[in-house]
Amino acid sequence: MVTGFVFPGQGAQSPRMLQSLRGYGIEVSSVFEAVSEGCGFDVENLIEKATGDILSRTEYTQLVMFSMDVAYHKIIQEIGIKPAWVAGHSLGQYAALVASGALDLYETSILLKERSRLMNEVKMQGRMCAVSSVTMDTEAIGRLCEKIRSTRGECISTALYNSRNQIVVGGTPEAIGTFSNHLGGMENYKVKVLPVGQAFHTPIMDEMMAQFKEHIDRIGIQKPSIPVILNCTGELLDMEGFEEELRKEMLRQCNCPVQWVKTMETMAELGTKAVIEIGPGRTLCGFMKSAARTVKAYHAEDRKSIEKLAKAV
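In terms of full-length UniProt numbering, the sequence shown opens at residue 1 and continues consecutively.
Since the hints were derived computationally from the structure, they do not count as laboratory data.
Each residue gets a CB set at the ideal place from its N, CA and C atoms; glycine is no exception.
Check before you lean on any hint, since a few could be wrong.
Computed spacing ranges between beta-carbons, pair by pair [said to hold, decoys possible]:
1. E27 <-> N181: 47 to 53 Å
2. T294 <-> M124: 40 to 46 Å
3. E27 <-> D137: 42 to 48 Å
4. G101 <-> G185: 34 to 40 Å
5. R57 <-> Y106: 18 to 24 Å
6. K311 <-> Y106: 45 to 51 Å
7. K308 <-> V193: 21 to 27 Å
8. Q222 <-> K311: 31 to 37 Å
9. R149 <-> E307: 45 to 51 Å
10. E265 <-> K82: 18 to 24 Å
11. E244 <-> S29: 32 to 38 Å
12. K82 <-> G142: 37 to 43 Å
13. S29 <-> K147: 31 to 37 Å
Please put together the full structure from these sequences, using the hints given.
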C-alpha cells in the first residue's frame, strides 16, 4: 500500500502535548537534546512548562513544533512503517526534509532558530485570517486582495491554499481588517483572524529574505532517500538538481503561498492509499479527508493512535 507521511506546522501546538511522548525511549530524548543544543534553550522543558501564549510566540513555536514532529517520526520509524513520499505543511516541511535524510537535525535546529528570529524582527506588522466556505472561490479572493492592494496601498495576499474549502490570507493589520469586514458579511464565507504575530508566506517577509539566504547557503544538504513534495509548487522535488532546488524552496517558502491543495493532488497522482499525519493535532487529516475520500488519513500523536496505526498500515 502506497503510504505517505505529512508533518504539521505552526498552530498545532498545545501546552500538554509533551504528555503523549512520555515513556518512549532514548530516540525521542535525543531529538530534544539535539534541537536544544542547536537553538540554545531547553525545548523539552519549554514545552512541558510553558503556557499556550508562550508556545505561540514565533521565536519558540517553530523549534517546538519541529521537535515534536521529528520526535513522533522517530517513534513511527521504530514500528517499521516506510513512506513512499513525505511532505510538510508550512514549517512542517523542515521535519519532512529531516525525515527524508536531506537535512541534519542539529543543523536544521540552528537554521530554524535564525528563521524564527528574522521573522520575529520583521518591522512591518502582519496578521493572518482563515477563510472557510463550501463554495470557495479562490479567484474572487485573489481579486479582493488585489483591490485592497491597489486602493489602499496595503500588503495582502493568499498565504496558504489548505483545502478546497479553506485558505489563509495574510497582510497588514489594516488590510486584514478591511478584508475580514468585506468577506465576513457574505453569507457563504466564514472568516477567523488567527492568533499569530506575523503574516507568514506573504511579501511582508521580503525584509528577512537576504539575511535568511545567508544561513540557508551554509546548511549541508544531502540527496533525499525518500521523495519530497514541496510546498511552493505542490510537486515532487527534482532529484537531479535537488540541492539547488531545496535551497530555493526554503527561501521562497517564507514569502510565497503554501500550495497544499496541489500537494494533495500530487499525493493522489502517486497512487497514495494512506496518509499519516505525524505530529500534534489532526489538521492535515481533516484537509485530506475533504480532498480525497478514497485516501485513508491517520494521525500519530499519542501512544493509543500509534498502536492503532501499527495494526492498520
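Going down the list of hints, with the structure as the test:
1. E27 <-> N181: 47 to 53 Å: 49 Å, holds
2. T294 <-> M124: 40 to 46 Å: 43 Å, holds
3. E27 <-> D137: 42 to 48 Å: With a Cβ separation near 46 Å, E27 and D137 satisfy 42 to 48 Å, so the hint holds.
4. G101 <-> G185: 34 to 40 Å: 49 Å, violated
5. R57 <-> Y106: 18 to 24 Å: 23 Å, holds
6. K311 <-> Y106: 45 to 51 Å: 34 Å, violated
7. K308 <-> V193: 21 to 27 Å: Roughly 35 Å apart at Cβ, these two residues miss the hinted range, so it is violated.
8. Q222 <-> K311: 31 to 37 Å: Distance hint for Q222, K311 holds at roughly 33 Å.
9. R149 <-> E307: 45 to 51 Å: The hint (45 to 51 Å, Cβ to Cβ) holds, given that R149 and E307 are roughly 50 Å apart.
10. E265 <-> K82: 18 to 24 Å: Holds, since E265 and K82 (Cβ atoms, about 23 Å apart) stay within the stated range.
11. E244 <-> S29: 32 to 38 Å: 35 Å, holds
12. K82 <-> G142: 37 to 43 Å: The hint (37 to 43 Å, Cβ to Cβ) holds, given that K82 and G142 are roughly 39 Å apart.
13. S29 <-> K147: 31 to 37 Å: Hint violated: Cβ distance 52 Å, outside 31 to 37 Å.
Of the hints listed earlier, those the structure fails to meet are numbers 4, 6, 7 and 13, in rising order.
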